[in-house]
Each structure stands twice: as C-alpha cells, then as structure tokens.
Amino acid sequence: MLLFPDRLTMMRVSLSMCKQTVSLLNIPSGVLKSDFFSPRRQKEKVVILMGATGTGKSRLSIDLATRFPAEIINSDKIQVHAGLDITTNKITEEERCGIPHHLLGVINPNADFTATNFIDMASHAMASILSRSQLPIIAGGSNSYIEALVDDKDFRFRSKYECCFLWVDVAMPVLHQYVSERVDKMVENGMVDEVRSFFYSNANYGRGIRKAIGVPEFDRYFKAEPFLDEQDRAKLLQEAIQEIKRNTCKLACRQLEKIHRLRNKKNWKIHRLDASEVFRRRGKEADKAWEELVAGPGTEIVAEFLYNISSEALVTNPAIRVPCVA
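Numbered by the working numbering, the letters in the sequence shown go through residues 15 to 340 in order.
Derived CB-CB ranges, DEER-like:
hint, residue 1, residue 2, range
1, Leu-242, Ser-211, 18 to 24 Å
2, Ser-173, Asn-122, 30 to 36 Å
3, Pro-114, Asp-198, 30 to 36 Å
4, Glu-107, Asp-198, 21 to 27 Å
Keeping only pairs whose Cα atoms sit at most 30 Å apart, straight-line, the calculated DSS-like set for lysine-lysine is:
hint, residue 1, residue 2
5, Lys-225, Lys-259
6, Lys-259, Lys-272
7, Lys-272, Lys-57
8, Lys-302, Lys-199
9, Lys-279, Lys-225
10, Lys-167, Lys-279
No lab work stands behind these hints: they were computed from the structure. All C-beta atoms, glycine included, are put in the ideal place defined by N, C-alpha and C.
Please put together the full structure from these sequences, using the hints given.
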C-alpha cells in the first residue's frame, strides 16, 4: 500500500483546498494583471520548480497554477516526447485540472531532444504565456536543461527574467521507498504492455523516448519471453522491475546532487520545501502535511516574489490571502 495517495487524488485534494482557502490579496484581477505584468517592469517573472523524481513537483505546480494566473511548462526531457505515458509518469488530462501545459508529449518519440531544443521551445512558451498575462511555471526534473536555460552564455535569460526557484525535497530513504511502490503501481497500471508496444530488436536505447528509465530494462525480458516457461518469465520480469527501481533511485540521487551544486556552488537562491513528512503519513494526514509544509509555504514564497508581500505579513494579517483564479 502506498504511503502517499495516487497523484490524481492528491490533485483533487489540492484543488479543493485551494477553493476553500482561496485568495492571496483581495485585489481585482485587472489590478493583479496590471501590477504583475506592468510594462514598467524591466524583467518578467518566472517560477521554476525543481526536485528529484517522485517528490511532488507536478502536484505543487497544479497547486500554484490554481492559486495564481499561471500556465505550466514541462522541463522533463523525457516527458516532452509523445507516448509511454505510464512509463514516463506523465501528468494526465484529468490531473491537470484544466491548467494549460506546454512541452508535454509534443515531440516524436524517436527524435532527440537537446538542451538547445528545450531553450528554444521553453523561451517561445514563456513569451506566449506572458502575452496572455499569465505566470510561467517551469516544472520538471531535468535540472541540466533548466541550468542551460537560466545560465545561458549570453546572459539573455537573466537579463529578461527574474526567477523564483522552489525545490521540493524528500529524505532519500523515504523517497526510495515511495519510488519502489510507485514502480509497482506503474506495473499494475499496464507499464509492461505499454513498453512492449515500443519494443523491437536492435532498438537504440540512447535516442528519443527509449532512453527513459523503464524501457531498456525490459529488453532482456522481451527478447527471452517467447522461449521461457511461466516461472522463468516471472523471475526475469521481477529482475527487470527491480532494475527499474534501482535506476530510478540512482536518478533521484543525481538530480539531488545537481540541485545542491546549483544552490551551493552557483549560488542560486533556491527555496527548499521539505516534503518528507508528507510521505511518512497516510490519507488526510498526508494531505494536511502537504498543505502545511509544501503548498502553503510555496504559495507564500511565490506571493512575496510576485507582489512583494512579506511572509510575515501573510502570517500575521488575516486580511491578506492568496488569489485563486480556479
């Protein structure tokens, strides 16, 4: 049994909480737009969500996008490809709560997608979102692509945009347990058959969507499957599943290392939100912890970033609340 509810349940709970608490500042929407997106501002504002795989970046992005006028840009270099929705853990249409998503499932699964491609497409998406007086929220686990976007050679991004970085963090032992359970859930939801539909002998696992964790690990199983009895097939399948779990945990460690490097060596101002306790709890207690430890503080940080409202003012002044446009 998962310690953490499934993502769709979490999205529904978060959206419900948003509708109940609604509002950061009781300011008419026109005023919000004229203040937030005023031509007098030299730099546009962008929120960037970071974190290891499975920590809840998608959930937080939806929380924020239902509390502020925002659209979401995917920064996961695998999820940008079409196909393998279960294996790549793409957020579903229902989970999106009507929030527009960009760079999600839009690239041919066989095509390469480079950091340069991401910079070009993300830049276009940000300009489009801002033209509609919406806040761009970039969310995903490909930290090297985010770094390439933000710290480009010509300093173009930093000269145009002001960033608010949020990092959803979970203690590694807790996250590893959750990742293991999540992989089991993906298998239950049909991951094996989904990957089988993409399988062929001599496939290039260094290109396109086949680089995704959960694809190359099944290669040996699919090749041997027709020649094995039921017991040996089951054994080989479990070996593939265990390898997926190990590789996912290794990915989480690498992602965490990159965030520490950006924070400690490149001095990015990254706000850490510790979600560990959320994953230790169950049901309503987990949802309550998420709001108290992640969604609530994250909302306050973004509100201060957008509207120059201090966190202390948000806590001490009950008249100040977060604008929800859901």
